[in-house]
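> Residues per chain are reported as follows:
There are 4 protein chains.
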Amino acid sequence: MQRIHDSFARQGMMTTLGATLDAVREGHVTISAPVTPATSQQQGFGHAALTFALGDSAAGYAALTLLPENEVVTSEMKIHLLSPAIGQRLIARGRVVKPGRRLMVVMAEVFAERDGAGKQIALLTGTMVPVPL
Amino acid sequence: MQRIHDSFARQGMMTTLGATLDAVREGHVTISAPVTPATSQQQGFGHAALTFALGDSAAGYAALTLLPENEVVTSEMKIHLLSPAIGQRLIARGRVVKPGRRLMVVMAEVFAERDGAGKQIALLTGTMVPVPL
Amino acid sequence: MQRIHDSFARQGMMTTLGATLDAVREGHVTISAPVTPATSQQQGFGHAALTFALGDSAAGYAALTLLPENEVVTSEMKIHLLSPAIGQRLIARGRVVKPGRRLMVVMAEVFAERDGAGKQIALLTGTMVPVPL
Amino acid sequence: MQRIHDSFARQGMMTTLGATLDAVREGHVTISAPVTPATSQQQGFGHAALTFALGDSAAGYAALTLLPENEVVTSEMKIHLLSPAIGQRLIARGRVVKPGRRLMVVMAEVFAERDGAGKQIALLTGTMVPVPL
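Protein chains in written order, with the working numbering: chain A, 670 to 802; chain B, 670 to 802; chain C, 670 to 802; chain D, 670 to 802.
Treat the hints loosely; a few may be bogus.
Same chains, same names: a pair is fine if it fits in one copy or spans any two.
Keeping only pairs whose Cα atoms sit at most 20 Å apart, straight-line, the calculated SDA-like set for lysine to any residue is [said to hold, decoys possible]:
no., residue 1, residue 2
1, Lys788, Pro768
2, Lys767, Ala786
3, Lys767, Thr734
4, Lys767, Val742
5, Lys767, Pro706
6, Lys767, Glu778
7, Lys767, Gln789
8, Lys767, Pro799
9, Lys767, Glu695
10, Lys767, Leu751
11, Lys767, Asn739
12, Lys767, Pro753
13, Lys767, Glu738
14, Lys788, Val766
15, Lys767, Gly713
16, Lys767, Lys788
17, Lys767, Ile755
18, Lys788, Thr684
19, Lys767, Glu782
20, Lys788, Arg764
21, Lys788, Ser701
22, Lys767, Gly787
23, Lys767, Val800
Calculated from the structure, these hints are not laboratory results.
Excised from the complex, chain A in its bound form:
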C-alpha cells in the first residue's frame, strides 16, 4: 500500500526517531525503531514518548489501511507501560479493534527486542478519526 508508505515518509518525527515501516496489511501495521541515547529517558532506557510514538503510529496506520480515501488523526490514546524499554529495538504492532466510518477503535502492542528475545513493554488502546486527504 504505497499511500501508507508515502504518509509515513512525510512524518519528520518518524525520521527523527529512526523509525521504519516494517509491515502493512489490511488492518495491521508494524513499525520499529532503535533505542538510542537520543531517544532515552533519564535512566538510559527507551523514553515513554518513543514507545508512544511507535504504538500510536502503528495503530493509526492500521486504521488507515481500511480507509482508502482519508488520512486519520488520533483523537485519544491510552498507553500502559508494562516494563522498562530495555533493549536494542522497539517493535510496535497495531491493529483495528472496531472499524467505523466516523471513528475507529484501535490497539497496539509494543515489544522490546533484547539480544534476540522479545518482551511486551506496552499496550495501547485508542480512537482514530478519519479526516479528508
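Once you have looked at the hints, place chains B, C and D on chain A.
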C-alpha cells in the same frame, strides 16, 4: 529544585525534541518545545508524540516535586488530542491531582502558541509510580 | 431543558441507582445518588460502577445540552478512582471540554458528601458521539 | 476459590444488577448479568454502567486470583464501548495482562448474547491496586 533539572538534563529524548524545563514548583511543572519539521506529522503539524512527550514529562516531574527520595515512572497515561498542534511552540503544564505513596494521579494540559496566542491542544491524565533512585 | 430530563427519566439504570438530575445548564450537568447497601462494593463503600454511572451520565448529558437535535452515546471513558466512595451521597459534575460535530470530549468530577463535607473521589475523561434521535 | 465467591457475594451492587460469578481460574474470571429494564439506558439497551460494572469486576477478580492475601481496588479503568448492549445477557471475561506487587494491569472484554450468538460490545483496560484484607 536542582534534582528535577538534573533528571531532565539526563533525558536524551528531551534534548532531541529541543524541550526546556521552564518552571518547577511544588506539584506543578511547565515544559515546552518548538514545533519543527523534525518533530512534525504528515500534515506538517506537531506530532502527537511530541505533545505526549511534553505532557507526560510535565506530569511526571510534577509528581517528582512531591517525592524527594525517588524517581518516577509512568504506569499509564491517556491523552486527548483536542486540536491540531499548529504553532511555533508547544507548552505543557503538569500537575498532581492526587498524591500517594504508591501511586500518584497526575494531569497535564498542552497549549500551542501561535503568533503570541495560546490554544489548548491536549489533555492528559495518568498514573505515576515512585521508584527508588 | 426538558428533553434532558425526559431522556434521563427513560434510563432504567438511573432509577435503579436512585439517581437524580440536579442541575442542567449549557455544557454542564450535575447528577447525584445516595450510597446504599444496594449499590455498595465488598467493603461497604459505594461501588466503582455507581461512581462511573453518575460521572459518565453527567458528562454525557453535559454534551447533550449542546446538541439539540441528537442523543449521545459514550464511545470511551476513563475513570480515575481517587479515594473510596465513603459518604451518604455521591455528586457528579460533568462538563464539555471540547465540543465538535462528530465527537465531543467531556470530563466529570465525582464527589462524596459525608456529614456535610465534600471530597473528590473520581475524575473521568471521555468521548461522546452524537447519534440521531 | 472460595474467597473470590465470598467477596463477590458481599457486593450489594452485583446483587442489584443480577450478576453471577460464572468462572474463576488463575488470572481469569467470568461474570455475567441479564439486560433488563432496570439496567437499561434511554434507548432500552444495556446501560454503559452495567457493561462497566461487569467488565471492571471481572478484571478486578482476575487480579485477586493472583493475590491470596489481599483485596484489590480499581485505581483507573478505561472502557471502549464498541457496539450497543443489545441482547438478553452480558458476559464479561477479565484477565491479568501484567501482574505486580504494587499494581496489576488488567483487561476485560464484554460480550452481548442475543438469541444464542455472542458479539463483543466493550473492551476495558485498567490498573488494580492490592490493599490489605
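> Is it within, between, both or neither when you check Lys767 against Pro706 at 20 Å Cα-Cα?
neither (37 Å within a copy, 27 Å between copies)
> When no copy is named, should Lys767 and Pro799 be tagged within, between, both, or neither for a Cα gap of at most 20 Å?
Answer is both; intra-copy 13 Å and inter-copy 18 Å each pass.
> Could you figure out if Lys788 and Val766 sit no more than 20 Å apart (CA to CA) within one copy, between two copies, both or neither?
between (22 Å within a copy, 13 Å between copies)
> Under a CA distance limit of 20 Å, which applies to Lys767 and Glu782: within one copy, between copies, both, or neither?
between (29 Å within a copy, 18 Å between copies)
> When no copy is specified for Lys767 and Val800, does a C-alpha distance of 20 Å or less occur within a copy, between copies, both, or neither?
both (17 Å within a copy, 17 Å between copies)
> Which holds for Lys788 with Thr684 at a C-alpha limit of 20 Å: within a copy, between copies, both or neither?
neither (24 Å within a copy, 27 Å between copies)
> Please work out whether the CA atoms of Lys767 and Asn739 approach to 20 Å or closer within one copy, between two copies, in both situations, or in neither?
within (17 Å within a copy, 23 Å between copies)
> Is it within, between, both or neither when you check Lys767 against Pro753 at 20 Å Cα-Cα?
For Lys767 and Pro753, the Cα distance is within 20 Å only across copies (13 Å; inside one copy 29 Å).
> Given a CA cutoff of 20 Å, do Lys767 and Thr734 count as a within-copy pair, a between-copy pair, both, or neither?
Within one copy, since 13 Å is at most 20 Å while 28 Å is not.
> Quick one: Lys767 to Glu695, C-alpha cut-off 20 Å, is that within a copy, between copies, both, or neither?
Within. Shortest intra-copy distance 13 Å satisfies the 20 Å Cα cut-off; inter-copy 29 Å does not.
> What label fits Lys767 with Glu778 when the C-alpha limit is 20 Å: within, between, both, or neither?
both (16 Å within a copy, 13 Å between copies)
> Please work out whether the CA atoms of Lys788 and Ser701 approach to 20 Å or closer within one copy, between two copies, in both situations, or in neither?
For Lys788 and Ser701, the Cα distance is within 20 Å only inside one copy (14 Å; across copies 32 Å).
Checked against the numbered hints above, the structure breaks hints 5, 15, 18 and satisfies the rest.
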